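Undergrad: As given, the protein sequences belong to chains A and B, one line each in that order. Residues in the first sequence are numbered consecutively from 111, following this note's numbering. Residues in the second sequence are numbered consecutively from 3, following this note's numbering.
Everything labelled a hint here was simulated from the structure, so no lab data went into it. Just so it is clear, the structure is predicted and the values come from calculations on it, not from any experiment. All residues carry an ideal CB built from backbone N, CA and C; glycine is no exception. Misleading hints may appear alongside valid ones.
What the hints assert, rightly or not - Derived SDA-like pairs: lysine to any residue, alpha-carbon spacing no greater than 25 Å straight-line:
hint : chain 1 : residue 1 : chain 2 : residue 2
1    : B       : Lys229    : A       : Gly409
2    : A       : Lys263    : B       : Ala107
3    : A       : Lys417    : A       : Lys167
4    : A       : Lys216    : A       : Pro229
5    : A       : Lys167    : B       : Tyr256
6    : B       : Lys229    : A       : Gln339
7    : B       : Lys217    : A       : Leu428
8    : A       : Lys285    : A       : Arg357
9    : A       : Lys263    : B       : Leu117
10   : B       : Lys217    : A       : Asn136
11   : A       : Lys247    : A       : Lys263
12   : A       : Lys138    : B       : Leu164
13   : A       : Lys134    : B       : Asn244
14   : A       : Lys263    : B       : Ala99
15   : A       : Lys159    : B       : Glu162
16   : A       : Lys214    : A       : Ala426
17   : A       : Lys170    : B       : Leu117
18   : A       : Lys165    : B       : Ala99
19   : B       : Lys217    : A       : Lys285
20   : B       : Lys217    : A       : Lys263
21   : A       : Lys394    : B       : Ala246
22   : B       : Lys229    : B       : Ser178
23   : A       : Lys216    : A       : Phe168
Said to hold, decoys possible - Just the calculated beta-carbon pair ranges, DEER-fashion:
hint : chain 1 : residue 1 : chain 2 : residue 2 : range
24   : A       : Tyr161    : B       : Arg205    : 15 to 25 Å
25   : A       : Glu277    : B       : Ser118    : 48 to 58 Å
26   : B       : Arg205    : A       : Gly271    : 47 to 57 Å
27   : A       : Gln281    : B       : Asp125    : 32 to 42 Å
28   : B       : Lys217    : A       : Asp173    : 36 to 46 Å
29   : A       : Ser403    : B       : Pro224    : 34 to 44 Å
30   : B       : Ser13     : A       : Tyr161    : 33 to 43 Å
31   : A       : Leu245    : B       : Asp125    : 48 to 58 Å
32   : B       : Glu115    : A       : Leu162    : 27 to 37 Å
As the list claims (entries may be wrong) - With the Cβ distance kept under 8 Å, some of the chain A side facing chain B (calculated, not the full set):
hint : residue
33   : Val175
34   : Tyr177
35   : Tyr360
36   : Lys389
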Amino acid sequence: MYITPDGEEIFIIDGHVHLWDASKENLKNVHGQQFIDCFYAYHKNLSPKEYLWAKDKFDKYGDEVMYDDLFVSGYDDMAICQPTYLTDFYKNGFNTTESNYVLKKKYPHRFLVNGAFDPRDGEAGLDRLTELSELYKIQGVKLYTAEWRGDSKGYKLSDPGVYRFLERCEQLGIKNVHVHKGPTILPLNRDAFDVADVDDVATSFQNLNFIVEHCGLPRLDDFCWIATQETNVYGGLAVVLPFIHTRPQYFAHVISELLFWVGEDKILYGSDYGIWSPKWLIEKFMAFELPESVSKETGVQLSLSVKKKILGLNAARLYDIDIDAQKALLEETYRPLAVLS
Amino acid sequence: MSSIARIAPVSSVSPTSAEERAARVWACLALVIDPELDESVTALGFVTAVEVDADGATRIAFRLPTYWCAANFSFLMADDLRLAAASLPWVTKVSVALDEHMYGAEISAGVSEGLSFQQCFGDEATDDLAELRLTFLIKAFERRQEALLSLMLARGHTAEALLIMSVQELTTLDDSDEAVARLVARYVERRFVIGANAVEPTRTADMARLAFVDKHERPLEPSTIGKYLRELRRVGVNAEFNSALCRGLLAVRYGAVPEDASDSNGESNSDSRHGAMDEASRPEEGQRVRFIPTNTYREMMSLKTRHG
């Protein structure tokens with residue numbers, strides 16, 4: 111919960127967090143090492159100095175540190191775990207629904223746990239998706255189209271196999287599809303961050319919501335175009351938001367473009383924890399004002415009511431979260447702790 | 003290739019000292035750009051070592067901000083490095099080594115043997131990289147145009163006057179402002195990415211063409227110039243994010259990298275978008291408008307004929 115100087119409470123739903131294990135024991139090969147090293151470079155590059163972690167903490171921080179960073183020292187009220195399996199790189203996977211569920215069991219009112227599917231798994235993958243739905247009551251999936259699987263180095267949402275999985279999602283009531291647009295996908299000469307395949311499936315599956323994580327950066331122009339065409343495409347601010355510290359002017363441009371094209375009802379806050387921590391992200395975001403020249407040019411505002419939507423109301427709508435009920439629940443559950451402190 | 007443009011005439015005789023040979027190769031490599039960032043790969047700190055033997059055999063080592071940098075861009079830069087070095091007549095065999103990259107071995111071997119992207123990756127690549135190269139040349143054109151037009155409008159030039167100007171008039175404009183002169187130079191370097199005149203382009207005819215056109219070489223309208231520039235700005239914002247991120251990631255991975263040279267070209271300075279870029283503009287001494295040499299230009303045009 112963030113409380114403004116005027117005493118207004120802002121309920122914060124973090125749309126993108128991870129509980130990963132990149133410890134030496136879990137590494138399968140050099141790719142796993144390079145993957146976590148790359149994450150760490152993002153962390154080190156964009157975090158304020160006082161929030162930098164040592165590498166060994168970054169490799170495996172564990173559920174207690176995570177709980178503290180999100181909800182005790184951080185301002186998050188709830189968080190959505192987005193899995194990234196990477197089973198070709200890590201023995202037990204990098205950040206799986208199963209391992210995320212440890213958090214959910216321990217802190218049931220704090221976490222939502224999403225699932226994942228990979229169309230290359232075929233029939234067995236469909237069964238697994240049904241199983242995830244039954245076991246963990248998932249309301250969303252995170253798709254990592256750049257995931258390596260044997261000789262295959264990724265897939266596209268427009269590949270024929272994907273449709274069966276999205277149909278299964280519709281049947282199971284899994285309505286939020288988070289799509290990571292990340293490094294290289296096949297064929298190799300495709301633009302690495304191409305978001306065109308999202309356009310394709312968003313048109314075909316009007317009942318599903320497609321949340322493009324990282325807003326397709328660096329292809330902001332392409333993403334804005336797609337999001338304008340499709341009413342069920344959303345933008346996730348993971349990776350976008352940390353630029354607020356190192357490059358506030360650029361952040362101003364990006365957020366103003368997103369507000370103009372995608373709109374204030376379709377942008378979702380996500381910390382991308384453990385790459386970045388909610389404490390500083392939220393403090394900077396709440397203090398942030400669009401430069402007058404930018405708001406004048408684009409005609410958009412980043413007012414308190416817009417910030418509230420981005421930080422919680424939009425995610426609450428997608429995930430059917432009743433914020434007042436949730437507030438009461440959290441207060442009840444954690445009152446003893448508050449008294450102790 | 004455009005990315006190895008602006009190479010001055012060179013002696014065909016190999017310098018006797020190894021240092022001098024390497025220095026000449028470095029000077030050529032400085033003209034290779036990262037297509038996505040529209041910046042020199044040497045300024046970005048990507049090239050780490052150059053060795054040239056007495057017989058002209060050249061070895062170039064380079065690195066990228068992450069292990070995962072896209073294969074297509076990585077290959078393209080590696081191949082441009084090879085071509086840039088090979089443009090020196092006394093350079094014989096060129097090998098390029100890309101270190102610590104998921105496809106480092108494949109790209110190093112492929113480029114050193116002069117293979118195409120598709121030959122190098124087979125079924126994983128569906129065609130060669132000419133189109134990608136052109137796409138990013140056009141983005142660079144738009145980004146440079148936006149920076150120049152925004153600045154000139156902010157400095158009191160009218161859209162009506164600017165938008166009927168020829169390239170000749172733009173390059174001989176009586177404007178003592180060094181920031182404008184620098185952005186004019188950078189813009190004109192990319193102006194002829196647009197507009198096919200494939201058969202026999204001549205300098206005189208080119209100079210008479212409109213200075214400011216959209217990417218389909220249509221004239222721009224004064225009444226809608228504000229909207230047009232705003233659309234172009236999104237291209238610039240992408241490049242800025244990339245540039246900031248790539249430099250930062252490279253610095254974390256390998257330690258210090260060169261200063262952000264892009265701040266001096268006006269396009270990466272966000273203030274320039276709102277007409278206050280004086281502090282960021284540091285025109286280089288003796289900067290003049292230069293054209294892409296004819297052979298490079300022809301190569302680009304044939305590229306467009308094939309892919310445009």
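Undergrad: Decide, hint by hint, whether the structure agrees.
TA: For each hint, the structure was consulted:
1. Lys229(B) x Gly409(A): 12 Å, holds
2. Lys263(A) x Ala107(B): 17 Å, holds
3. Lys417(A) x Lys167(A): Violated - the C-alpha atoms of lysine 167(A) and lysine 417(A) are around 31 Å apart, more than 25 Å.
4. Lys216(A) x Pro229(A): Measuring from Cα to Cα gives roughly 31 Å; hence the hint is violated.
5. Lys167(A) x Tyr256(B): Between lysine 167(A) and tyrosine 256(B) the Cα gap is close to 21 Å, so the pair holds against 25 Å.
6. Lys229(B) x Gln339(A): Given that 25 Å is the threshold and the Cα spacing comes to 19 Å, the pair holds.
7. Lys217(B) x Leu428(A): 39 Å, violated
8. Lys285(A) x Arg357(A): Answer violated: lysine 285(A) to arginine 357(A) is near 34 Å, above 25 Å.
9. Lys263(A) x Leu117(B): Since the Cα atoms of lysine 263(A) and leucine 117(B) sit roughly 22 Å apart, the hinted pair holds (cutoff 25 Å).
10. Lys217(B) x Asn136(A): With Cα atoms ~50 Å apart, lysine 217(B) and asparagine 136(A) exceed 25 Å; violated.
11. Lys247(A) x Lys263(A): 30 Å, violated
12. Lys138(A) x Leu164(B): 60 Å, violated
13. Lys134(A) x Asn244(B): The given pair, whose Cα atoms are some 31 Å apart, is violated under the 25 Å limit.
14. Lys263(A) x Ala99(B): 23 Å, holds
15. Lys159(A) x Glu162(B): Violated: lysine 159(A) and glutamate 162(B) sit about 49 Å apart, past 25 Å.
16. Lys214(A) x Ala426(A): With a Cα-Cα distance of about 17 Å, the restraint between lysine 214(A) and alanine 426(A) holds, given a limit of 25 Å.
17. Lys170(A) x Leu117(B): 42 Å, violated
18. Lys165(A) x Ala99(B): 29 Å, violated
19. Lys217(B) x Lys285(A): 40 Å, violated
20. Lys217(B) x Lys263(A): 34 Å, violated
21. Lys394(A) x Ala246(B): Holds. Lysine 394(A) to alanine 246(B) sits at ~19 Å (cutoff 25 Å).
22. Lys229(B) x Ser178(B): Not satisfied, since the Cα-Cα distance of roughly 28 Å exceeds 25 Å.
23. Lys216(A) x Phe168(A): 22 Å, holds
24. Tyr161(A) x Arg205(B): 15 to 25 Å: For tyrosine 161(A) and arginine 205(B) the Cβ distance comes to about 56 Å; the hint is violated.
25. Glu277(A) x Ser118(B): 48 to 58 Å: The hint (48 to 58 Å, Cβ to Cβ) is violated, given that glutamate 277(A) and serine 118(B) are roughly 40 Å apart.
26. Arg205(B) x Gly271(A): 47 to 57 Å: Since arginine 205(B) and glycine 271(A) have Cβ atoms about 54 Å apart, the given range 47 to 57 Å holds.
27. Gln281(A) x Asp125(B): 32 to 42 Å: 34 Å, holds
28. Lys217(B) x Asp173(A): 36 to 46 Å: 51 Å, violated
29. Ser403(A) x Pro224(B): 34 to 44 Å: 21 Å, violated
30. Ser13(B) x Tyr161(A): 33 to 43 Å: Given range 33 to 43 Å: violated, Cβ gap about 54 Å.
31. Leu245(A) x Asp125(B): 48 to 58 Å: 38 Å, violated
32. Glu115(B) x Leu162(A): 27 to 37 Å: 43 Å, violated
33. Val175: Check failed: Cβ of valine 175(A) comes no nearer than 22 Å to chain B, outside 8 Å.
34. Tyr177: 27 Å, violated
35. Tyr360: 5 Å, holds
36. Lys389: 21 Å, violated
Checked against the numbered hints above, the structure breaks hints 3, 4, 7, 8, 10, 11, 12, 13, 15, 17, 18, 19, 20, 22, 24, 25, 28, 29, 30, 31, 32, 33, 34 and 36 and satisfies the rest.
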